[in-house]
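Trainee: The lines below spell out each chain.
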Amino acid sequence: VRAHRLHTGSAEPTYSCYDGLYPGHIQTTSFQKVLLTVGSGVAALQDPYRHDMVAVLGETTGHLALLNLRDRMRNDPEGYTILTERPRIRLSTLDLELMASLPDGSFGREYLRFLEDNKVTPDSRAEVKFVDNEELAYIMLRYREVHDLLHTLLGMPTNMLGEVAVKWFEAAQTGLPMCALGAVLGPLRLNSSRLESLFTSLGPWALQNGRRARCVLCIFYERRWEQSLEDLRQELNIEPPPVILRASNKRNT
Amino acid sequence: MAASLRLLVRRLARLSHRSITSAAANVSWRSGCCLGPSSSRCLSDAAEDRSTHFGFETVSEAEKAKRVYKVFENVAQKYDIMNDAMSLGVHRLWKDILLHAMHPQPGARLLDVAGGTGDISFRFLDYVNYQQERQKRRATGSSQSLSWQDISDKYPEEDRPQESRAVVCDINKEMLKVGKQRADSMGIISGVSWVVGDAEELPFDDDQFDIYTIAFGIRNVTHINQALLEAFRVLKPGGRFMCLEFSKVTNPVLASLYDAYSFQVIPVLGEVIAGDWKSYQYLVESIRKFPDQEEFKGMIEDAGFCCVQYFNFTGGVVALHSGFKL
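In order, the protein sequence lines correspond to chains A and B.
So in the UniProt record's numbering, spot 124 of the first sequence is number 124, and the numbers just go up one at a time.
So in the UniProt record's numbering, spot 132 of the second sequence is number 132, and the numbers just go up one at a time.
Bear in mind the hints are in silico, worked out from the structure with no lab data behind them.
Watch out, some of these pointers could steer you wrong.
What the hints assert, rightly or not - Distance windows between CB atoms, simulated:
| hint | chain 1 | residue 1 | chain 2 | residue 2 | range |
| --- | --- | --- | --- | --- | --- |
| 1 | B | Leu257 | A | Val184 | 33 to 43 angstroms |
| 2 | A | Arg212 | B | Asp84 | 45 to 55 angstroms |
| 3 | B | Leu257 | A | Arg113 | 28 to 38 angstroms |
| 4 | A | Asn68 | B | Asp126 | 56 to 66 angstroms |
| 5 | A | Pro240 | B | Leu257 | 57 to 67 angstroms |
| 6 | B | His53 | A | Gly105 | 55 to 65 angstroms |
| 7 | B | Arg92 | A | Thr81 | 51 to 61 angstroms |
| 8 | A | Pro240 | B | Phe56 | 27 to 37 angstroms |
Unchecked claim - Straight-line Cα separation of at most 35 angstroms, DSBU-like style, residue types lysine-lysine; simulated pairs:
| hint | chain 1 | residue 1 | chain 2 | residue 2 |
| --- | --- | --- | --- | --- |
| 9 | B | Lys248 | B | Lys180 |
| 10 | A | Lys33 | B | Lys297 |
| 11 | B | Lys66 | B | Lys177 |
| 12 | B | Lys297 | B | Lys95 |
| 13 | A | Lys119 | B | Lys173 |
| 14 | B | Lys78 | B | Lys173 |
| 15 | A | Lys119 | B | Lys70 |
| 16 | B | Lys95 | A | Lys119 |
As the list claims (entries may be wrong) - Facing chain B, from chain A, some residues (calculated, C-beta under 7 angstroms):
| hint | residue |
| --- | --- |
| 17 | Val34 |
| 18 | Gly39 |
| 19 | Ala43 |
| 20 | Gln46 |
| 21 | Tyr49 |
| 22 | Asp52 |
| 23 | Val146 |
Ideal Cβ placement from N, Cα and C applies to all residues, glycine included.
Using the sequences provided together with the hints, build the complete structure.
Mentor: Written as structure tokens, this is what we have:
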């Protein structure tokens, strides 16, 4: 049950009296974090479409990786701007008309196309609950919101193969244990032809690019909609995908 | 409107005959001067001024009802699974013991308040059907030595079974929906009705039911005294009030284990199974805010019930309170 998970920036008035470092924060003891890790891991394995469990697993296991990401962001001028300005990617903040009017090949137009083709929305990301530091919680949230943009940058659709490819890239880039787990377990659900494609071309490409690319969280995407996609890829040091994947068969296991 | 006025007048009359305890004094008697078209407005203003507890938080009374509704709306789909997970299946034993203590006979009318997903009502129907089968078997058994003609004359009439009925009343439509789905999947087509209603203001006439049960629901009611008074009203004279609720554990070792389990494990289970930490945090906190066995017994007696008793299960984790309207 994912109930109504809002990830608004403002505090939900009902829970403002709870002692939390940020709206939606739930204080947990180490024992509870361990239980959550085990429980969410089992739940996510049983039902991979329980994105909230994947999110919780990421939060309980990602502390060191988040610290590392924060350092990288602080050392990068654009990343530092993001940490201070705290932009959010949501339908309410995106100017969809403007983006639709941009030329083909521009980052904004391609992102919009990605959202339409795969029938996803940037508002479907779970809020952060179990990270016990306000800045790290923002970085986690930013990572989730940038995920869709990564799909666009890498040219990967949201089917299983595309998701696994993006996970390999993210695992190499961020070092989040949840990404590594998804990267290892995701392929178990692929059929043999896709597995072959993954191991021979997509996988190595994703890993290599993940390692050599600039930190994807350090880009202020909201100010780069007009930039051409190719240009942005070059700036980030990402090669275009070796295989063009279609978005037509969504959620294919 | 008329119903709430009647309620008010009756309550005033009853309370003038009995000593008012500190709990009952919370109800604002200044509304005595507000009888008339403005009485409902008077009462609702009063509700916003007064505060109560929502778990460990303090909220206005009007807000509590809304938030409790939201909690159960969120957890309805996973309610039964969560009960099994949290209590490791023991809640089924507690409910079975309630039925055995109740020992309903065929023809009884049960009102299951806060009955939500129907656990008590389904058990009630099973129990009375079983009792009915036993009675039939005994009746046919006693006619074994008669002639065939006499036996066929004495066969219990199949077309007039004693009709036992359970009414499940809950304020939350989502919980009732889940209950109805369960009834359908269990193949129960008659004997249960599903009614949306507030325990503090039941949509039934006086003296209607033989048994009133409220299992794990009364601690979520904003004005427990009002719910008890309503229970008294709708029961027939001789009717029985039964309440199953989480209560105080007296043994200190068990109490600390229980607390640790409640606060450490249950919200995690809520997050993993139902995707809702906060609702289960509320549930374990609301248990701590509920009065203990003796205090609750006093509240039941104040509502007019006699022969009030309580039985502790699992060391006091759950208590069954029972009283009669005489």
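Trainee: A separate judgement is required for each hint: does it hold in the structure or not?
Mentor: Hints, one by one, checked against the model:
Judged by the Cβ atoms, the range 33 to 43 angstroms given for B/Leu257 and A/Val184 holds: they are separated by roughly 38 angstroms. Distance hint for A/Arg212 and B/Asp84: a CB-CB separation of about 50 angstroms, consistent with the stated range 45 to 55 angstroms. A beta carbon spacing of about 57 angstroms between B/Leu257 and A/Arg113 contradicts the range 28 to 38 angstroms that was offered as a hint. Between A/Asn68 and B/Asp126 the C-beta distance comes to about 59 angstroms, which sits within the given range of 56 to 66 angstroms.
Judged by the Cβ atoms, the range 57 to 67 angstroms given for A/Pro240 and B/Leu257 holds: they are separated by roughly 59 angstroms. As the Cβ distance of B/His53 to A/Gly105 is approximately 59 angstroms, the hint placing it in 55 to 65 angstroms holds. A hinted range of 51 to 61 angstroms holds for the C-beta pair B/Arg92 and A/Thr81, which are about 58 angstroms apart. At roughly 55 angstroms, the beta-carbon separation of A/Pro240 and B/Phe56 lies outside the given 27 to 37 angstroms, and the hint is violated.
As the CA atoms of B/Lys248 and B/Lys180 are separated by approximately 33 angstroms, the hinted pair is consistent with the 35 angstroms bound. For a cut-off of 35 angstroms, the pair hint linking A/Lys33 to B/Lys297 is broken: about 39 angstroms separates their Cα positions. Our distance criterion of 35 angstroms between C-alpha atoms is met by B/Lys66 and B/Lys177, whose separation comes to about 19 angstroms. At roughly 20 angstroms between alpha-carbon atoms, B/Lys297 and B/Lys95 fall within 35 angstroms of each other, so this suggested pair holds.
A C-alpha spacing of about 32 angstroms is found between A/Lys119 and B/Lys173, which places the hinted pair at or below 35 angstroms, so the restraint holds. Of the supplied pair hints, the one linking B/Lys78 and B/Lys173 holds, its CA atoms being roughly 15 angstroms apart against a limit of 35 angstroms. In summary, the hint linking A/Lys119 to B/Lys70 is supported, as the alpha carbons are separated by about 30 angstroms, within the 35 angstroms threshold. The hinted pair formed by B/Lys95 and A/Lys119 fails the criterion: a straight-line CA distance of about 47 angstroms is larger than 35 angstroms.
Interface restraint check: A/Val34 against chain B, minimum CB-CB distance 9 angstroms, threshold 7 angstroms, status violated. For A/Gly39, the suggested interface contact is upheld, since its CB lies about 4 angstroms from the closest CB of chain B, less than 7 angstroms. With a cut of 7 angstroms, the hint placing A/Ala43 at the interface with chain B holds, because the nearest CB-to-CB distance is about 5 angstroms. Annotation: interface hint on A/Gln46 violated; nearest CB of chain B at approximately 11 angstroms, more than 7 angstroms.
A distance limit of 7 angstroms between C-beta atoms decides the matter here; for A/Tyr49 the minimum to chain B is near 12 angstroms, and the interface restraint is violated. Of the supplied interface hints, the one on A/Asp52 holds, with its beta-carbon coming within about 5 angstroms of a beta-carbon of chain B, less than 7 angstroms. A distance limit of 7 angstroms between C-beta atoms decides the matter here; for A/Val146 the minimum to chain B is near 24 angstroms, and the interface restraint is violated.
In this structure, the hints that do not hold are numbers 3, 8, 10, 16, 17, 20, 21 and 23, in rising order.
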